Amino acid sequence: MKLAIDETRCKGCNLCTKVCPYKIFKEGKRPNRKGIVVPELDRPERCTNCRLRNLYGRQLCGVCQLTCPDQAIHWTEEEPYEPHKVAIEY
Amino acid sequence: MSFDDWYRQDRLPHIYCAGCGNGTIINCTLAAIDQMGWKKEETVFVSGIGCSSRAPGYILTDSLHTTHGRALAFATGVKMANRDLHVVVFTGDGDLAAIGGNHFIHACRRNIDITVVCMNNQIYGMTGGQGSPTTPKGCLSSTTPYGCTETPFDLCELATAAGANYVARWTSYHVKELEKAVKVGLETPGFSFIEALVQCPTAFGRRNKFRQVADHVEYLKVHSLLRAKRDRMLEAGEHIPEDMFVVGELTRRNRPAMGVKP
Ligand SMILES: Cc1ncc(C[n+]2csc(CCOP(=O)(O)OP(=O)(O)O)c2C)c(N)n1
Ligand code: SF4
Ligand code: SF4
Ligand code: SF4
Ligand SMILES: [Mg+2]
Chain C
1 MKLAIDETRC KGCNLCTKVC PYKIFKEGKR PNRKGIVVPE LDRPERCTNC RLRNLYGRQL
61 CGVCQLTCPD QAIHWTEEEP YEPHKVAIEY
Chain B
1 MSFDDWYRQD RLPHIYCAGC GNGTIINCTL AAIDQMGWKK EETVFVSGIG CSSRAPGYIL
61 TDSLHTTHGR ALAFATGVKM ANRDLHVVVF TGDGDLAAIG GNHFIHACRR NIDITVVCMN
121 NQIYGMTGGQ GSPTTPKGCL SSTTPYGCTE TPFDLCELAT AAGANYVARW TSYHVKELEK
181 AVKVGLETPG FSFIEALVQC PTAFGRRNKF RQVADHVEYL KVHSLLRAKR DRMLEAGEHI
241 PEDMFVVGEL TRRNRPAMGV KP
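Heads up: the sequence lines are chains C and B, in that order.
Going by my numbering, the residue at position 24 of the first sequence is 24; the numbering climbs one at a time, nothing skipped.
Going by my numbering, the residue at position 72 of the second sequence is 72; the numbering climbs one at a time, nothing skipped.
Careful, some of the hints might be misleading.
Here are some, though not all, of the chain C residues that point toward chain B, as calculated from beta-carbon distances under 10 Å [said to hold, decoys possible]:
id, residue
1, K18
2, V19
3, R33
4, I36
5, G62
6, A72
7, H74
8, T76
9, V86
These aren't lab readings, by the way, just hints derived from the structure by calculation.
As the structure is a prediction and not an experimental result, all values here were calculated from the model.
Glycine included, every Cβ here is placed at the ideal spot set by N, Cα and C.
Using the sequences and the hints, build the whole thing.
Rendered as structure tokens:
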């Protein structure tokens, strides 16, 4: 699963930066089109739910999503992993 | 299914200020309701007036957004007219304990089978930050510019004394605990009261030295005293600091209830 912040909903309160045990949310630096400084994601693939949701078949952790007062945090399904042939150029 | 399926997506983002704790409490309540397996057609949300009371407007089910302080009176009517409905009330500290105080104690006394979630931001948020019956001593509000000198209500003790079957208190920091408490409240026949202390950055935090939303949430976290720890401290005769509040399940009993589905 892929973690994402919905920029149309986030109001930049930064509560997610406080509650995630992995500190995946970092305070943002630049305001977006609406003038809101949306947090940035630091290596979101570390998130428990990203890694194990499909294995366990249920929501895991989810503290950030419950806490986000603006219902801006969600997960999307990722494309299945496709092995690529890596051509090494000498 | 997740709690998000209960939201009226076309109404989001909601009107609450950035960092307002009300959104968190709605998430937790809907997450608990989602686990109950209730049908949307059999679930009704009722509220009065206030920022907190706007919650039902963002939820897909039928709802009643009533007059200030009267949510419990309307909810009692809904439940008594049709016991098959699951009735959940969203209310604020002003709505529940000031203008609606009398309805509150009598709904507890009747032990009517509804679940009440009170978003206690310790202020009248919607009208610009007047002091409420739960504003702590010393706190600044537009009606207590030199600090509140009155003793606040302890809503949970009030509900317990008046007869509610289930009473619990958590904060906007304790999302998982709150979700569980609401779920137990929904399962318990009779009146269930869940108080959620929340931050109101606009009307309360701004005046009371919480510059960042997270500072207020941190305050709620460190001033929470788990019930088990409070009991141990009382047993040992230790002093409980005045600025701490007890969190956890405070009352659970089985008094005769009204309006329970036969
Ligand atoms: C009969 C009546 N009296 C007063 C008001 C004005 N009023 C609107 S909201 C409110 C206070 C709300 O406080 P609370 O219930 O704590 O909700 P919050 O906005 O803090 O969530 C008041 C006094 C009203 N709408 N109706
Ligand atoms: S908690 Fe939600 S609204 Fe607040 S900054 Fe994070 S994503 Fe945005
Ligand atoms: S689900 Fe838990 S681990 Fe994953 S981002 Fe949210 S708070 Fe962090
Ligand atoms: S005034 Fe306070 S309670 Fe009302 S929406 Fe703003 S932060 Fe929330
Ligand atoms: Mg209030």
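Evaluation of the provided hints:
no.: 1; hint: K18; result: 4 Å, holds
no.: 2; hint: V19; result: 8 Å, holds
no.: 3; hint: R33; result: 14 Å, violated
no.: 4; hint: I36; result: 8 Å, holds
no.: 5; hint: G62; result: 8 Å, holds
no.: 6; hint: A72; result: 8 Å, holds
no.: 7; hint: H74; result: 7 Å, holds
no.: 8; hint: T76; result: 13 Å, violated
no.: 9; hint: V86; result: 38 Å, violated
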